[in-house]
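K.L.:
Keeping the supplied structure of chain B fixed, place chain A upon it in accordance with the hints.
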Amino acid sequence: MDLVETYRQDLRFVRKPLQRVLLFLLILALATLPFWGPSAWLNRASLVWLTAIGVMGQNLLIGYAGLISFGQAGFLAIGAYSFGHLRILGVPFPLALALSGAATGAAGWLVGFPSLRLKGPYLAIATLGFGTAVYQIFANTDALSGGRQGLAIPLLEPPFGLARDRYTYWIFLGLCLLFAGATFNLVSSYLGRAFVAIRDSDIAAEAMGVNLTRYKLLAFAISSFYTGVHGALMAQYLGHLEPQAFNIQETLNFFVGVIVGGLASVEGSIFGAAFAILVPVAFGDFRWLVPVLFGASILAVLLFEPMGLAGIWLKTRLYFRMWPFR
Amino acid sequence: MGDFLQYTLAGLSAGSLYALVALGLVLVYRSTRVLNFAHADVSTFGTFVAFALLTANKPLWLALPVALLAGAGVAVVFYFGVLFHAQRRGATPFALVILTLGLALIFQGLTIYFWGAEPTSFPFPLSDSKVWKVGPVYVNELSIGILAVAALASLLLYLLTQKTRLGLAMRATSENLAAAQTLGIPTRAVLAFSWGMASALGVLAGTFLAPVLLLDPFFMLDPFFKALAAAILGGLNSLPGAVVGGLVLGVAESLAGGYLAIEYKGSLAFVLIVVVLLVRPEGLLGKEFQERV
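The listed protein sequences derive, respectively, from chains B and A. Under my numbering, the first residue of the first sequence carries the number 1, and numbering increases by one thereafter. Under my numbering, the first residue of the second sequence carries the number 1001, and numbering increases by one thereafter.
The following block holds chain B by itself, in its conformation from the complex (with noise of 0.2 Å):
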């Protein structure tokens, strides 16, 4: 019924038809969200689809490459510090994301000359010595954080009278699905099949041709634009900055999301985005509860289910495509 002949094809995301026209009615539903749902999901969801920039990014890194990093909070501040003093000198929004996201990139390329030579808990040490750092540099200098006030973000401005909210939303939207579309055409490319064969043998992937310093030193950078960017948004989401936004807890939902959601897969990205973002929404009352279901959830997955919430997704799509045989 498919014939797979490319790689490319093997990954296709809409196969058939069909599938063409549910895609396109789910876009269609959710950019319409904003006339139909309720207010308070306007802003949940806008937090979800920034959140899965950020996760997509983390899962390019972990998923695809096979590269630990601790050090995503730092990366995040980057982003959203350095898209933040853009904002205040009047850099319009697009410039002002795009810089954020190359400032961070930059920052990634560097962190990632660790890992041409260290491998996994040494690289997660490193990456995790760089996150700290990051962090008490913001929170030590008054210049950088904006002292105690923190940093106050201008707000979009929206044209042609639209609500702000609903505006965020669209812009957030908007760049979620490019980038859910880059990131599927860069996993089906020569960069995405170099970084899955790095993430199974560094050294059998060298032997056949990977230059492993450039894709390891890549995955770092286009992981980090990734985070830059979701920084960036979370900034003008916020419209706040402090430091303490950015410590050790928020590495540690970006690994919720990517092992929740499904390692080396753009859907399940979203997925965990979703997870990470909607647990503690539903569970605010219990604070403790959120750490648990996080931790609980996250051994469910490593024990039962690898692919995690994509696992789930891809076998529920099996098992309608093959009933009523199986």
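It is possible that part of the hints are untrue.
[To be verified] Using 30 Å as the maximum straight-line C-alpha spacing, the simulated BS3-like pairs for lysine-lysine come out as follows: (1) LYS1287/A - LYS1163/A; (2) LYS119/B - LYS1163/A; (3) LYS1265/A - LYS119/B.
Calculated from the structure, these hints are not laboratory results. Quick caveat, the model's predicted, so the values are computed rather than measured.
P.N.:
Same frame as chain B, now just chain A:
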């Protein structure tokens, strides 16, 4: 000179606690090749058990062993319940790290549930306001207690691993798991014991850190990161390395805080990590890693 000795003493006392936490990390890493990110949260949980007993007016000689056993029990249950199965299914090192993160989150939540997230002071028989002047330096009761306990714990651990049959089994298991199994060593029990022992060391460090810092569900995070740095400095698979690394880090931090800038005292550990990893990844006393394709 007096200042220098004073800073060194403070550094040794802080460093010996880092060493205790680092010993727990190294013990686990050596035996099961897992970097235990749950160490901080399980130790915090154990410390809160001690806190609960002490506030219920139980004496320290009762509270401390119960807390150590609670911490050890958690680690043993985690080893048998989760880690063992994951390792048997051939989980990647990354997945193992994430599993310990899951455990960490669970115990963070449980600690908040039982004892709340507000910082409290820890009722402890030794106090740091009781000070004697010895020669040019001031020593307080608490830091003497910390140094004594850390030295005693390290000595006992040394005797255990080097002079007993159990220690021999632990060393054999960490050296070569398959060979140890073939020789009839009950490796599962030995590994579970290592996990429990490591966790108990963490709780011990926690109960002596709590009077220095304030007790809240996140109070072990910072010492845990320092201990990671210490373990890396000494070599992740070397027990003496953990002690040396902890002491060196403690003294270096204290001197840097005294003579350089106090704000960046906390960052020193991370600078140290990066430098050590770039220059000598196996650490001061660790063995060089060799890898097969």
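K.L.:
Are the Cα atoms of LYS119/B and LYS1163/A separated by 30 Å or less?
P.N.:
Not OK: LYS119/B and LYS1163/A at ~33 Å, beyond 30 Å, violated.
K.L.:
Would you check the hint for LYS1265/A and LYS119/B, treating anything up to 30 Å between C-alpha atoms as holding?
P.N.:
Holds, at about 28 Å.
K.L.:
Is the Cα-Cα distance between LYS1287/A and LYS1163/A 30 Å or less?
P.N.:
Distance of about 22 Å is within 30 Å: holds.
Violated hints amount to a single one, hint 2; each of the other numbered hints is respected by the structure.
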